[in-house]
Each structure stands twice: as C-alpha cells, then as structure tokens.
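Peer 1: The chain contents come next:
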Amino acid sequence: MNDLSCVGVTKKFGEFTAVRNVSLEVPPGSFFSILGPSGCGKTTLMRMIAGFETPSAGDIRIKGESVINLAPNKRNVKMVFQHLALFPMMNVGENIAYGLRCQGEQKSEIPEKVRKVLDRVGLPGVEDKRIEQLSGGQKQRIAIARCMVLQPDVLLLDEPLGALDLKLREHMKIELKQLQERFETTFLYITHDQSEALVMSDQVAVMNAGGFEQIGSPRALYDDPVSGFVAGFVGDANVLPGTIDEVRGGEARVILDGGGAVLARLADDSNTGDRVEIFVRPEALRIGGDNGSGSLSGKVDSLLFNGAASRILVRLDTGQLVEVADGDQASEVSAHDAVTVSWQPDRARVFVRRPGA
Amino acid sequence: MSRDAGRLSLILLFAPFALWIGLLIILPQIGIGYISLREKVGINEYEFGFKNYADFAQAAVYRNTLFRTAWISILVTMLALVLGFPISYYIAKIARERSRAALFLMCLIPLWVSDLVRAYGWIVLLRETGVVSTALVSMGVINEPIEMLYNDVTVIIGLVYTVILFMIVPLVSTMQGMDDSLLEAGFNLGGSRLTVFRRIVVPYAMPGIVAGCIIVFMITAGSYLTPVLLGGKNSSWFTEQIYNQFITRYNWEAGATFGVLLLLFTSLVVWLGLRLTGQSLATTVAKDT
Ligand SMILES: Nc1ncnc2c1ncn2[C@@H]1O[C@H](COP(=O)(O)OP(=O)(O)OP(=O)(O)O)[C@@H](O)[C@H]1O
Ligand SMILES: [Mg+2]
Chain A
1 MNDLSCVGVT KKFGEFTAVR NVSLEVPPGS FFSILGPSGC GKTTLMRMIA
51 GFETPSAGDI RIKGESVINL APNKRNVKMV FQHLALFPMM NVGENIAYGL
101 RCQGEQKSEI PEKVRKVLDR VGLPGVEDKR IEQLSGGQKQ RIAIARCMVL
151 QPDVLLLDEP LGALDLKLRE HMKIELKQLQ ERFETTFLYI THDQSEALVM
201 SDQVAVMNAG GFEQIGSPRA LYDDPVSGFV AGFVGDANVL PGTIDEVRGG
251 EARVILDGGG AVLARLADDS NTGDRVEIFV RPEALRIGGD NGSGSLSGKV
301 DSLLFNGAAS RILVRLDTGQ LVEVADGDQA SEVSAHDAVT VSWQPDRARV
351 FVRRPGA
Chain B
1 MSRDAGRLSL ILLFAPFALW IGLLIILPQI GIGYISLREK VGINEYEFGF
51 KNYADFAQAA VYRNTLFRTA WISILVTMLA LVLGFPISYY IAKIARERSR
101 AALFLMCLIP LWVSDLVRAY GWIVLLRETG VVSTALVSMG VINEPIEMLY
151 NDVTVIIGLV YTVILFMIVP LVSTMQGMDD SLLEAGFNLG GSRLTVFRRI
201 VVPYAMPGIV AGCIIVFMIT AGSYLTPVLL GGKNSSWFTE QIYNQFITRY
251 NWEAGATFGV LLLLFTSLVV WLGLRLTGQS LATTVAKDT
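Chains A and B are the protein sequences, given in the same order.
The numbers in full-length UniProt numbering rise by one with no breaks, and the one at position 338 of the first sequence is 338.
The numbers in full-length UniProt numbering rise by one with no breaks, and the one at position 275 of the second sequence is 275.
Only chain B is shown next, with the shape it has when bound in the complex:
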C-alpha cells in the first residue's frame, strides 16, 4: 500500500516536469526534425530526404554564419568567464554577509528589464545621435558624432552584458561552499597567490565554471534580439537566418534544417569544449558535494 502510494506520488510529482519537457521541448524538436527532412517537390508535394541539409552544405554564406555565430558565442563565453570570475569571487568570498545579497541583486537588475527594452537602451546610448556620442562631442574629445552601433564589438559587449549573470550565479554558488581555510592552507604550505588561484580556487570552482560556460554559450548562440538590434544588417547571426527562413521566405523546411543544425552544432561545440579541457559532466556539474 505505502509502496503504491510512494509510486503514485512519484508519478504525480514527476508528471508536470515530464509534460513540460515532452510538450515544449521534445515534441517541437521532433516536429522540427521531421520538417527538416521534407523535400518540397511541388505545391503541397513532399518527399523525404536530406536535400535541405545538402543545400545548407553548399551555401557558404549560411555555413559561415553558423561558424561566425559559434565563434562569437565562444568569445562571449570566455569574456563572461573572465569578467564574471572576479565579480563572483568578490561576492562569494570577500564581501560581507550583508552586502552580499545586495550585490547579487544588482547583478540581477538587467533581467528585470525585457530583452527588447534593454537592447533599445543600448541603442539610445550608442547610436550616432546617442548619449555617448553627443557627450563626447560636447566635451571636445571627438569632432563629429560617431556611430557606435552595428559593429562586432558592440554586439559582443551587449551579449556579455546580457549573459554575464548566468555565469555569475553558478560561480558564486560553488565558490560560497569553499572554506577560507582551504585558501589559507594553500598559502601556508608555500603557495603563491597564483598557485593558490590555479591549483585550489579554479579546481574548486570547476563545476560552476563548466555549468556557467555551457549555459552562457547556449544562451548566446540562441539569442536573437541583442545581436540583431545592436549588429543591424551586418550582424550575420544564425538565429536571424532561421527567422528569415521561417518568416520572411516562408521556407519552413530550410528554417527547420537550420534549427536542427544550430542545436547539433552548439552541442558539438560544448562536447568538444568538455573534451579539450578534460572535464566531464559527471565530475563537474553533476558532482555531489
């Protein structure tokens, strides 16, 4: 009786999660995968095959956009890690108990504002007639207004700003578990600051680093608004291609193919990243502490 009850409660608890995953993630992906394998041979006439994928492989512009998206996403991930690590370290280990919560909330503020509003905020600041440019002209630093939008640097800054929180949260939560005496032991046994950082802090934070990097990379590669609004026509972001295929060209087959390819390619990059750094999900993210 109690065993059946236990099983029933397990099913009830698990059901919402299973429904969510099943209906919102697995089913649509199967649908997308199915559509991507359809070849249009006439009006409302379809055949199954890999033609859509072959088309993609032949069109250098799409391929390059995918590579470029992945490459910039990796760069954004690295920057978010490099910038986020000291911030997280400060929040987790140096800040007083009381200011810690406040600092954490400050990192959350960007999330309070919608993606779209945030991107327009950047535009207000950075466009030719925007706040920064006007201010620089009136201070006499530059002679005429400059356009700071629509280039890669701006896109990268905007993306880092948007995603850095997702790096900071896992880093702070892993580093908070680190006992100060580990660092002191590191110094006491003769380690320099660099040694302690490299051999104690980083390995300890590794689960957070891996989790943060994966989250940030996936979010960046799949983001749409920030690169499109800040990068304009030259952004060449892969999600923009997907959007174009689905909405502008009404070519669902190509759009679905791109969607599947983005998923496969980013997963491949994550896998490669884990392999190259000698990490595995089991020993980092899923490690019980």
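Isolated chain A, as found in the complex:
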C-alpha cells in the first residue's frame, strides 16, 4: 500500500483553479519531488495534503485511508515549512519536544527521544541552544528533527533550501538525501529548482499551471520528456524555434525561423506545417562535422570555463546563442572562430511550440 496517494485533486480559489486534477502515488520509503515554476500550485497541493486547505474535488489518502475529513493536527504527515517556522520562544529541545508533548508522550521519555533524534540529524547536545543561535543549515536539520521525532507516515518539505545560500544548498541537498535514507521515511519534496529534484528524488512530478505534465524518474524526465515544457524545464536545453517541413518516419525536417534546415526526432504528434521547437541538450551538440542532422554555422562567442561543466557559447548565423558542452575542454576552438554545430537527430526532440514562446 502506498504511503500517500492523491486522486483527481483539484483546488479552486473562486474562479481561479490553483491545482487541477492531480493524481499521484508515493510508494513507501521513497523520495518524491514536485517540480514546477513559481506560482504553479505546489504549495497549495502540499497544504491540502497537510490539511490546511480543503480540496474542491478529489481524494487524498495516507496509508490507504482518506484524510479529507481529518483535521490537520490529526494527520500523520508532518511538514517542514518554507521558512522552517521553528518556534522562536522555545529552545531547540522544547521545539522538538513540542510534538511529543502534543502526542501525550510520557514526560520521562521525552528527553531521551529528543537526544536520539538530535544524534541522528548530526547535532548532538544542542538541546539548550536558542533558535537564533543556530546557523541556517542547523536550523534546517532541527526543523526536520522536529518532524521526524514523531515518526510521520510522510514528511512534506516545501522548498526548505530556498532560504539558504548556494554553497550550503549544494551541501544540504546531499545531506537531505542521506537523512531520508537514514530515517527510511517517505519524503514529498517541493522545489522549483530542477537540480535539487534531479539529484535527490526517486520520482519527480513536473507541474505546470496547476496540473502534472509528467511523472517519472529523474532519468526518464531528462531523457524522455513528454512535452516541450518538461524538456525546457528539466535540465539545460537549447531551444530552436522553427516550422516542420517534412515528416519522415520518426524524424522531422524543420526549417528554423532564422533560416537553415535540420533533422530531429519527432516527440509528439506535430505534423507538417506546425510551428515547433527543437530541444537539444548542450552535451548532444558537437562542434564541427555533420552528425546527420544537417549542420548550423556560426561563430564562437565565448568560452565559459567551469571545470567539468564548461561550455562553449556559439552565436549561430541566425543570431541565436547556443550552449555546447565542453566537459573535457578537448575542442581546440577559441573566441571568434567560425564553426559549425550539429547533433545526432535522435538526440534532439521536436515539440509543438509552447504557449508564449
């Protein structure tokens, strides 16, 4: 039985639909992420699961039991808030003991449980510290400990890394994943940062304008996006707008808006004459030669050195900039060189043009 399932959950605020017909299944012990741009309804969905909003339609089940009519304080899902919401008037120990006391835990057993959970999040002995004495990453871990000490069926995390600086965020990503494995608890993680979702999750749901576009493993989303939105949102991609000239087998010949014809794999049911976009990952692009796609000529604009994530920026003759991955810095090009770029047609995807693009 799954720890959490949502069936056709919808939330309307007046006329406005914030969450539209969302269904998901989160298996026990997994790390499930919801990834979507700001304002797409992620927090609203999570607040419905926690019980702070009532769905307009649909059902939410925790361990198979519908919780629609259960008050927030009776649901065994705990939540790490976007700004953590640690209680400033209590010290660390009291913050963690709060939930235990609400559950009517034996007074004598509370200190031991608090001590154990602090050990597990790697902060032994901080019971007596005040909240404002903790660093950002420590607060994060206390917020998680405060929930985990109650052994929830599901832990909800609403962009908990949003408030941290970049360096700490990178560190906490790994830390969170390890904590999840250590506690063997189901995590439902919300983020608008695709790298967080890809690194940590077993499953990712990509959300757009209130609905799910695709649910799958990070690899599946990256390698097999089902829509232009997913292809553009998950991972880096070069987007080349154009119009389909001819469809042959699974491939389409696309006339780019700025001129030039290329081949790419048709990924949805677009047809001849449709206005489309081609999505090519930087690592699928090659400098020089022709890999079967037809090549585009341009000039090297600049070299962006970033170790294994180094890039070559090429300005195509159409005026568009594309990023070419250059992980081993093997290409011997320098700025202003005239070059051609190309790709293997099955590594570029053609999707119908996204609204607004």
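FYI, nobody ran anything at the bench for these hints, they're computed from the structure.
Glycine included, each C-beta is placed from N, C-alpha and C at the ideal position.
Just so you know, not all the hints are guaranteed correct.
[As the list claims (entries may be wrong)] Distance windows between CB atoms, simulated:
{"#": "1", "chain 1": "B", "residue 1": "Gly-273", "chain 2": "A", "residue 2": "Asn-2", "range": "54 to 62 angstroms"}
{"#": "2", "chain 1": "B", "residue 1": "Gly-273", "chain 2": "A", "residue 2": "Ser-108", "range": "31 to 39 angstroms"}
{"#": "3", "chain 1": "A", "residue 1": "Arg-115", "chain 2": "B", "residue 2": "Leu-194", "range": "25 to 33 angstroms"}
{"#": "4", "chain 1": "A", "residue 1": "Gln-103", "chain 2": "B", "residue 2": "Val-124", "range": "54 to 62 angstroms"}
{"#": "5", "chain 1": "B", "residue 1": "Val-124", "chain 2": "A", "residue 2": "Gln-133", "range": "52 to 60 angstroms"}
{"#": "6", "chain 1": "B", "residue 1": "Val-202", "chain 2": "A", "residue 2": "Ser-108", "range": "20 to 28 angstroms"}
{"#": "7", "chain 1": "B", "residue 1": "Leu-194", "chain 2": "A", "residue 2": "Ala-308", "range": "54 to 62 angstroms"}
{"#": "8", "chain 1": "B", "residue 1": "Gly-222", "chain 2": "A", "residue 2": "Gly-104", "range": "45 to 53 angstroms"}
{"#": "9", "chain 1": "B", "residue 1": "Val-202", "chain 2": "A", "residue 2": "Gln-103", "range": "19 to 27 angstroms"}
Keeping the supplied structure of chain A fixed, place chain B with the ligands upon it in accordance with the hints.
Peer 2: The following block gives chain B with the ligands in isolation, referenced to the frame of chain A:
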C-alpha cells in the same frame, strides 16, 4: 572632528527628551517627595520627618482606599487583557489588510473625545433618568427607572472602556509580527487549538501582554475623572484622596505623601506581577525582535 560632531548631535537629539523627563517628571517628583517629608509644627514652621507617612499608616480609611484602588486596577487590567486579546488577534491575524486600518482607527475613536465628555456620555446613558433606563422602562423590561451609576460595576466598565486601547495597541503590534506558519506548524505537529494558543500565541505575544498590562494598570490606578464621575461619592478612588488633600483641605504635606505612596505602591504591584508570572522587563518589553 566627526566624532565631536557625532557627540554634539547626540546631545542635541537627547536634550529635549532629557529636559522633558527632567523638568516634567523628575523635578516635580523630587518636589513632591520633599514636601511629603515636611512636618507642619506651626504656621510656616516645618520639621523633617516621616510623620506624614506614619499618619497614613494609622488611618485605615486611606490605606483601604489605596488597596481598593490597586485591586480594582488589577481587575480592570485583567478584563482589558481578556477582552483586548481576541480583538487584537482579530485585527492582527484574521482581518484583511484593508479593514485592519479601519478597525484600528475604530479602537482609537474614544481617544478623540476628551475624558470629561466621555464620562458625561456614560452619565447621560446610565443615570436614573438616562437613555438606558428610560428605554428599558418603555419596553416594559423593568417597572421603574433604575440608577445604574455610582456602583463599582459601572466604574469598572467605564475604566475598561477608557483603557482597553492601550492594551490593544501593543498586543496588535507584537502579534502582527507573528508568521502564520508558526500557527500552522503548531497544528501540524499535533497541537490542539488550546495547545497552539497556550504554547505559541501567548508566549509570542508576551512582550505585548506585559507592556499592555503595565500601561493599563498605571493609567487606571492614576485615573481620576472616570472613577470619580461614574462612581460618585462611593468611588473611594485614591487619586480622589490626593485631590482632596491638595485642593479641598489645602494639606499639601498629606497630598504629597499620598502621591509618593501611590507611585511606590503601583510600582510594587507591577514588580510583584512580573515576579509572579516569571517575566522580566529585559526578556519581554525590551526584547529585540
Ligand atoms: N488563499 C488563496 N487565495 C487565492 N489564490 C491563492 C491562494 N493561495 C494561493 N493562491 C494562488 O494559487 C496559485 C498557486 O500558488 P502556490 O502558493 O501553490 O504556488 P507555488 O507553486 O507554491 O509557488 P512558489 O514556488 O512561488 O511558492 C498562485 O497563483 C496563487 O496566487
Ligand atoms: Mg510555494
């Protein structure tokens, strides 16, 4: 140079405040304290001593009036807190942004009208031939007009009405700083409404509660018009005794003594209140948020 300039501007900025405190509060209090230590032994003949205080201690009626004033002031403070808390909570956390200002202004309205006019307003409503009594008679609820003035209940109602604003303002301003997610976290971790209120809302609002209670208590204990006008002869309010000594009896020595005693006694009550509830000024009112 810049350091001297800084010091000079500090002195200039601080001077009005120091003058105000010094001239209007400290000097008069010293004067009052000085007069209270004078014993009249003949016409224009004085000695120093504590006779005035000894006189006070012997006169049970004055002592009882002081205790009664303190006791009613505490009651008024409690009532203002109990009534003011939900109002403040509503204004700070539940009301929409736009109605918030309007509600706040509505709480301010009583202050627009002078103390005296306000008290007479109550009299117009509550006296035997007043609006409430007449209305009740004409509706047949009561048979003959009743006097609703000149009793403790009316005095307390009038005082609560006058001071509740001073409870609401600090409460609203502390509670406005409270993030809704703190309450939601309180529920999410399994707390009932009562638990969330007791363990999160009240501790969070504590600086406001302490500040509001102290202000309200001091204002009430030092108020004069409302208790005297609404309570009439039976009000036995301590400030009335002070007034009588200074004005009616022209006994400045006794009046000054009473003044000093009122200040000391109310300060003692505030101190005791803080001790009994385990609060201190440093951790509540002066706490930086
Ligand atoms: N109580 C509410 N009343 C009306 N509209 C609301 C309410 N709460 C949220 N919305 C709207 O619902 C939409 C989704 O909001 P939500 O907070 O779920 O976004 P989000 O995906 O969490 O965004 P972010 O990444 O910025 O946190 C927004 O357009 C928001 O304006
Ligand atoms: Mg959000």
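Peer 1: In ascending order, which of the hints set out earlier in this document are inconsistent with the structure?
Peer 2: Violated hints: none; all satisfied.
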